[in-house]
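Participant: Here's the letter readout for the chains.
Protein chains: 2
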Amino acid sequence: MPAGMQYLYGSGEAAAISIQAWNALTGYVEERVRQRPVSGVVLEEDATLAAPRFASCDRKPYAAVFDVDETVLLNRGFEYDAASGRPYEDARWRAYEITGGTTTVAVPGAKAGIDALRRLGVTVIFNSNRAAANVEATRVAIERAGLGPAVHGETLFLKGDDNTGSLKDARRWRIADRYCVIAMGGDQLGDFSDLFNAPATPAARRSAAEAPAVAGLWGRGWFVLPNPVYGTALKGTLDDIFPADARWAPEP
Amino acid sequence: MPAGMQYLYGSGEAAAISIQAWNALTGYVEERVRQRPVSGVVLEEDATLAAPRFASCDRKPYAAVFDVDETVLLNRGFEYDAASGRPYEDARWRAYEITGGTTTVAVPGAKAGIDALRRLGVTVIFNSNRAAANVEATRVAIERAGLGPAVHGETLFLKGDDNTGSLKDARRWRIADRYCVIAMGGDQLGDFSDLFNAPATPAARRSAAEAPAVAGLWGRGWFVLPNPVYGTALKGTLDDIFPADARWAPEP
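Chains as they are written, first to last, in numbering that gives the first Met the number 0: chain A, 0 to 251; chain B, 0 to 251.
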């Protein structure tokens with residue numbers, strides 16, 4: 000059993016850190032709604048990570064934008080299938096989008112968090128790289144987990160809705176045209192900005208996430224869910240992850 | 000390379016979720032100090048997870064209590080050594096406690112968080128299962144990462160300080176006798192209460208963390224740092240983690 004799967008799908012620790020993210024998010028949104036912010040947390044089209052600027056709120060209604068997989072849904076069925084060591088195949092994942100919904104459960108804390116947001120009058124919007132062609136199955140999976148509604152083009156945006164592929168910025172900008180987005184949640188840095196795709200090495204990408212201009216957003220507008228099972232976080236050789244100054248051996 | 004090590008020691012996602020925990024913690028503590036709470040977040044000796052009751056604050060000074068390893072320090076040197084697949088050996092870990100300090104770095108967000116707590120007048124206390132016999136090396140490692148001071152018996156509690164072994168409740172109660180503990184942080188459920196050791200299966204332990212009486216504490220007094228590399232979270236067989244209703248196969 001891969002340790003990351005034991006952690007994410009089986010442990011109390013992962014349940015706790017997920018609930019923590021959702022609790023922090025709802026507390027943050029409650030406070031922001033009270034303050035009536037002048038800008039949201041979606042980066043403007045010409046912003047950089049070094050100089051982040053955010054889409055303005057004007058009199059737009061509030062929204063919160065979430066990734067779907069491993070952010071609001073745990074894909075137990077697909078990962079059971081992968082736990083035997085089967086390598087990722089896109090066609091198999093797309094088949095899972097269509098028939099896997101009965102094996103998914105909500106991420107711990109997600110239902111309570113999403114319910115709380117809606118009670119605050121905040122529109123909950125999903126921005127996922129599931130295929131637009133499979134929209135009906137994805138809508139049903141979200142609603143089956145108690146997280147709906149999700150209406151394509153209004154509160155559900157998918158890969159294939161535009162011509163930018165797996166990038167999510169264009170969809171975010173489209174959402175920010177209509178809403179004051181006061182919080183975002185995801186398990187991949189690309190769920191917050193496509194600018195995180197630019198750094199070429201794991202160390203540079205980690206530095207980008209830790210940079211002072213960005214660090215203040217984590218847990219304050221941008222909310223991260225744990226995922227040590229797949230995705231952009233799982234990169235790097237032994238030399239990348241443990242550079243020379245990180246190495247230890249016992250004294251002889 | 001184990002995926003959990005890529006995630007924890009190398010990824011922007013893990014840096015972000017760690018900074019998020021520390022940001023949420025400092026925001027929470029700021030608010031609690033303003034509210035002057037009547038009780039803290041250390042469970043009383045006769046409390047249960049189903050009926051949590053917390054040590055009272057009276058006029059005690061404020062403190063926040065943290066685990067050390069993978070909560071405030073990343074043990075890159077020991078995990079580099081383990082990344083080749085070497086199984087855990089207690090003697091090797093104890094040697095690392097003594098000579099490994101130069102390979103550790105602070106968890107992303109920990110230094111800023113701990114500095115902020117001290118500025119708020121909150122005493123920062125470490126409660127670790129590092130060996131009391133190695134106290135001097137542990138003190139130096141904490142201070143080298145910019146997280147000190149740590150004074151044994153005052154702001155640093157270790158395994159061997161009492162006769163309860165790796166259990167941490169007795170140390171927590173001792174701290175709560177002198178302080179109003181308004182926040183705790185750790186990467187293992189045992190960093191919050193030894194009661195989490197009772198459930199016999201991963202599923203029961205996860206349920207304990209998700210139970211309504213406890214769920215409200217995550218991110219609101221109890222703050223979890225990610226650790227998919229070692230510890231109590233990494234348990235369970237394929238059958239434990241993916242029960243029958245979690246299984247999927249594509250249609251033939």
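For the record, the hints were derived by calculation from the structure and aren't laboratory data. One thing to keep in mind: the hints can contain errors.
To be verified - Derived list of chain A stretches under chain B, where covered just means 3 residues or more per stretch with a C-beta under 8 Å from a C-beta of chain B:
| # | stretch |
| --- | --- |
| 1 | 41–53 |
| 2 | 69–82 |
| 3 | 148–159 |
| 4 | 210–222 |
As the list claims (entries may be wrong) - Quick list of the computed label-pair ranges, beta carbon to beta carbon:
| # | chain 1 | residue 1 | chain 2 | residue 2 | range |
| --- | --- | --- | --- | --- | --- |
| 5 | B | Ala248 | A | Ser38 | 27 to 35 Å |
| 6 | B | Ala169 | A | Glu29 | 34 to 42 Å |
| 7 | A | Asp57 | B | Ala210 | 37 to 45 Å |
Stated by the list, open to error - Non-contacting residues of chain B with respect to chain A, defined by C-beta distances greater than 10 Å in every case (computed):
| # | residue |
| --- | --- |
| 8 | Glu135 |
| 9 | Val139 |
| 10 | Pro148 |
| 11 | Asp160 |
| 12 | Asp186 |
| 13 | Pro249 |
Note that beta-carbon positions come from the ideal geometry of N, C-alpha and C, so glycine has one too.
Participant: Decide, hint by hint, whether the structure agrees.
Facilitator: Results for each hint:
Look at the stretch 41–53 of chain A against chain B: 0 of its residues bring a Cβ nearer than 8 Å to a Cβ of that chain, fewer than three, so the hint is violated. Counting residues of the stretch 69–82 of chain A whose beta carbon lies closer than 8 Å to any beta carbon of chain B gives 7, which meets the minimum of three for the stated coverage. Beta-carbon proximity to chain B at under 8 Å applies to 0 residues in the stretch 148–159 of chain A; the threshold of 3 is not reached and the given coverage is violated. Counting residues of the stretch 210–222 of chain A whose C-beta sits closer than 8 Å to any C-beta of chain B gives 7, which meets the bar of three, so the coverage hint holds.
The given range of 27 to 35 Å is broken by Ala248 of chain B and Ser38 of chain A, whose C-beta atoms sit roughly 47 Å from each other. Between Ala169 of chain B and Glu29 of chain A the C-beta distance comes to about 37 Å, which sits within the given range of 34 to 42 Å. At about 42 Å, the CB distance of Asp57 of chain A to Ala210 of chain B agrees with the hint of 37 to 45 Å. Look at Glu135 of chain B: its CB is around 16 Å from the nearest CB on chain A, clear of 10 Å, so calling it non-interface holds up.
The claim that Val139 of chain B lies off the interface holds: its Cβ sits roughly 15 Å from the closest Cβ of chain A, which is beyond the 10 Å cut-off. Taking the minimum C-beta to C-beta distance to chain A, about 24 Å, the non-interface status of Pro148 of chain B holds against the 10 Å cut. With a cut of 10 Å on Cβ distances, Asp160 of chain B stays outside the contact zone with chain A, its closest approach being about 25 Å. Distance check on Asp186 of chain B: its Cβ comes as close as 7 Å (rounded) to a Cβ of chain A, failing to clear the 10 Å threshold; non-interface status is violated.
Not every CB of chain A is more than 10 Å from the CB of Pro249 of chain B (nearest about 4 Å), against its label as outside the interface.
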